[in-house]
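K.L.:
One letter stands for each residue in the lines below.
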Amino acid sequence: MGMNVSEKILAKASGKKRVSPGEFVWATPDKAYMMDRMTPTYYNFLKEVGLRRVYDSNQIIVSFDHHVPADSLAAAERQRICREFVREQGIKHFYDIGRAGINHQFMAEIGHARPGTLIVGDDTHAPALGGVGAFAVGLGMDIGYVLALGKAWFRVPESFKISITGKLPVGVMSRDLIQWIIGEHNLGSRGAVYKALEFAGPTVDKMSIDGRLTLCCLSVQSGAKTGIVNPDRKTMDYVKARAREPFEALKSDLDAEYEEVLNYDVSGLEPQVAFPPAPNNVKTVTEAEGIEIDQAVVCSCAGARIEDLRAGAEILRGRKVHPGVRMIVIPVTQEVYLDALEEGLIKVFIQSGAVVCAPTCGACSGALAQVVAGETTIQSSVLNSPGRCGSPEARIYLASAATIAASAVNGKITDPRKFLE
Amino acid sequence: MSGGDSVVRGRAWKYGDDIECDSMTKRELIRMRGDIRTEAFQTELAKHAMYDVDRDFPQKVRKGDFIVAGLNFGCGHGLHWEVPVGLKKLGVAAVIAESFARDFFRTAISFGLPLASCKGVTKEINEGDELEFNLRTGEIRDLTTGKAMKAVPLPNFLIEVVEAGDIYAYVKKQIALTKGERQLLG
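For the record, the sequence lines run as chains A and B. Numbering-wise (our numbering), the first sequence opens with residue 1 and increments by one. Numbering-wise (our numbering), the second sequence opens with residue 422 and increments by one.
One thing to keep in mind: the hints can contain errors.
One side of the interface only, derived from the structure: several residues of chain A facing chain B at Cβ under 7 Å [what the hints assert, rightly or not]:
#: 1; residue: 145
#: 2; residue: 225
#: 3; residue: 245
#: 4; residue: 247
Computed Cβ-Cβ distance ranges for the label pairs, DEER-style [what the hints assert, rightly or not]:
#: 5; chain 1: B; residue 1: 480; chain 2: A; residue 2: 420; range: 55 to 65 Å
#: 6; chain 1: A; residue 1: 393; chain 2: B; residue 2: 476; range: 16 to 26 Å
#: 7; chain 1: A; residue 1: 77; chain 2: B; residue 2: 557; range: 36 to 46 Å
#: 8; chain 1: B; residue 1: 590; chain 2: A; residue 2: 287; range: 47 to 57 Å
#: 9; chain 1: B; residue 1: 468; chain 2: A; residue 2: 205; range: 49 to 59 Å
#: 10; chain 1: B; residue 1: 456; chain 2: A; residue 2: 202; range: 49 to 59 Å
#: 11; chain 1: B; residue 1: 597; chain 2: A; residue 2: 206; range: 20 to 30 Å
#: 12; chain 1: A; residue 1: 17; chain 2: B; residue 2: 437; range: 22 to 32 Å
#: 13; chain 1: B; residue 1: 566; chain 2: A; residue 2: 202; range: 46 to 56 Å
#: 14; chain 1: B; residue 1: 474; chain 2: A; residue 2: 233; range: 43 to 53 Å
#: 15; chain 1: A; residue 1: 244; chain 2: B; residue 2: 480; range: 51 to 61 Å
Note that these hints are calculated values from the structure, not bench results. For each residue, glycine too, the CB sits at the ideal point set by N, CA and C.
Just need the whole structure built from these sequences, with the hints factored in.
P.N.:
Here's what the structure looks like:
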């Protein structure tokens, strides 16, 4: 019996011929990346266990994304400690302000995440990197001992194969697709708990790398351990120009085993909106239409790549943001920001009355563009739990960049297809 | 669970499905990013354990008691280590649940809170039952009803993490055992 791609990557990283779901292994991540806010905590871990040197400085990536640029004295101090840590340990993969972006996407763009590699990050949405065929998970505090030991423990997950067919209609994005899967198709917060979701089928084959990263990123919201797409020619074209070290593009065997195989047809899919208080509380845009908004934000590791910015700009071109709405656009990385500038998208946003901010987690993690009690915001963030964007009494809706732009123009949640026909 | 004694006895406190990680403490305590290595902060976390789920929990629980819960325990932002640290400090011997959210599972183990997944546990065990739980074998005995169940036991190396107290202590031990070579024994 063959193995699926997740099992193959975990087997390789743990030095085994094969691994099976439910098995616990120690594995060596190819790369371990960590952010500005938490790196000082892991540095303290290293000191507390009495180690002077990290296990492998080439394994470690320090990259700033949560507070860019530093928005408080505390954030500035944490970043100072990060720089001290990087210098002291001789860490060459260091990306300070101005050289990076939101890590879960930046790691693919900068070529550290490659097909067939095991990548660990310190934050929840690392699985985005499954979009380029890496097995990626967030470890939280456990990344501290990766610094010390070079390894981490993993439970080999059961896999679901999610096969998607049908052409996404105009105005419907990969963001809508994954929200719909989470909300409508028994992958609520329980169905996929601890599973690896392997996305496949003609729709995924045709999907851009941008779309695949979004798909894998939000798979976490189904309770899954990670999401992954088998690498194909598109992946290789994307990765080859960027990869900094060699890799072996592992793929699922044809006779690989899955706990479940789910088939979805998305040809008639409508734009989807996640209502408060959870990302799995998903309804169609039709059901959401008319809800008045105070703020609209295109942001995060799951909705601010160039494809998203293009979709937003297409609607905003020649239009103005509604006078009662403040709109914020935060490109996911410096590279995407530059691309958007060269394509003229930034001009469109500014002329429409939106403010464009430097790449950062900011508006999704709650450090930027907060909303007060009674206000409503619609964002391409990853989470909408009460209090995530400021006051617990503010309402947070999640949607694609297209739906957000359409809503910003009308001052209320709006079906983007009305602007695209 | 200290001193290598892997069999614990205590009462069961029952909760439902989808208990969110953040609801198991006072949310301000997560936001303040306190130093979990300090006694003062740990005590504060213990005082507010299960805060939005069961406000009386810190008063009624005794050292060695168990939390018995349903599906997807610790869902939401499960990497918030303040939660397992608070439960452990309060003396919770283990959480036995139908299933665990992935991030919570990892974080709880690393901070030394034993977990056991056991299908059907919420049907078989009643609130207040006296339980005996063997961390090594996963065996659960309900001393009140006489029923026996078996949870999926943790692998040995994770039992060692839990028994060391937490991942800090475990890594220190590993480094000492290998004279700084950092080879893993597990």
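K.L.:
Are the hints correct? Go through all of them and say.
P.N.:
Quick rundown of the hints versus the structure:
1. 145: 5 Å, holds
2. 225: This hint holds: residue 225 of chain A lies near chain B, its Cβ roughly 5 Å from the closest one there, short of 7 Å.
3. 245: Interface hint status for residue 245 of chain A: violated (23 Å vs cutoff 7 Å).
4. 247: Interface hint status for residue 247 of chain A: violated (25 Å vs cutoff 7 Å).
5. B:480 to A:420: 55 to 65 Å: Cβ of residue 480 of chain B to Cβ of residue 420 of chain A: about 58 Å, so the range 55 to 65 Å holds.
6. A:393 to B:476: 16 to 26 Å: 21 Å, holds
7. A:77 to B:557: 36 to 46 Å: 44 Å, holds
8. B:590 to A:287: 47 to 57 Å: Given range 47 to 57 Å: holds, Cβ gap about 51 Å.
9. B:468 to A:205: 49 to 59 Å: Once the Cβ atoms are compared, 54 Å apart, the range 49 to 59 Å for residue 205 of chain A and residue 468 of chain B holds.
10. B:456 to A:202: 49 to 59 Å: 52 Å, holds
11. B:597 to A:206: 20 to 30 Å: Since residue 597 of chain B and residue 206 of chain A have Cβ atoms about 55 Å apart, the given range 20 to 30 Å is violated.
12. A:17 to B:437: 22 to 32 Å: 42 Å, violated
13. B:566 to A:202: 46 to 56 Å: 54 Å, holds
14. B:474 to A:233: 43 to 53 Å: 50 Å, holds
15. A:244 to B:480: 51 to 61 Å: Holds: the Cβ-Cβ distance is about 55 Å, inside 51 to 61 Å.
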